[in-house]
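J.: Each residue of the sequence shown is one higher than the last, beginning at 118 in our numbering.
These are computed hints drawn from the structure, not numbers from a lab.
Hints are not guaranteed to be accurate.
[Unchecked claim] Derived BS3-like pairs (lysine-lysine); straight-line CA-CA distance at most 25 Å:
#1 Lys125 x Lys220
#2 Lys221 x Lys124
#3 Lys220 x Lys124
#4 Lys125 x Lys221
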Amino acid sequence: MDDSLTKKVLAYLRQHNVMTIATTGTHGPWAAAVFYANRGFTLYFLSAPTTRHSEDIEARGAVAVTIQEDYRNWREIQGIQIEGQAVRLQGVERATAMVRYLKKYPFVRDPLGAVPEIARALNHVTWYKIEPSRLYFIDNSVGLGHRDDVVLSRSTKM
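All chains should be modelled from the sequences, with the hints used to inform the complete structure.
T.: If you want it as structure tokens, here you go:
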């Protein structure tokens, strides 16, 4: 395993906030942008159970994810591409996801600064995790379309 690549990817995950999750279901393919938190390469997010992507996850679970900035120069493009499985969380796993999420986004729980809509919404959301089966790091600064296949070991998923 390339430790420098793993460190680079984990740093990228920490430095970014929004992932685009793609699903497919009875209505066809779908993509949605959501805030995420991570533990290693495992991604946690919340969503209303009635959203199209949540319904697709309940029915199938297979997802694709991208995380990137909005670059203007193609040579600067970096990002992450993931293939994986998403599942709804309950019990201890749900509590773990909430702790990670609130640590990354403290404004959500801050009673003085929390947006009332967010505080109310937290009572009605479902928590999910995505376990990657494949993860790639895109880095055009190395070359156009350069993509490294990141080795997913158990220790980096934890």
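J.: Each hint: holds or not?
T.: These are the hints, each one checked on the structure:
1. Lys125 x Lys220: holds, 21 Å
2. Lys221 x Lys124: holds, 18 Å
3. Lys220 x Lys124: Given that 25 Å is the threshold and the Cα spacing comes to 20 Å, the pair holds.
4. Lys125 x Lys221: Measuring from Cα to Cα gives roughly 19 Å; hence the hint holds.
In terms of the numbered hints stated before, the structure departs from none.
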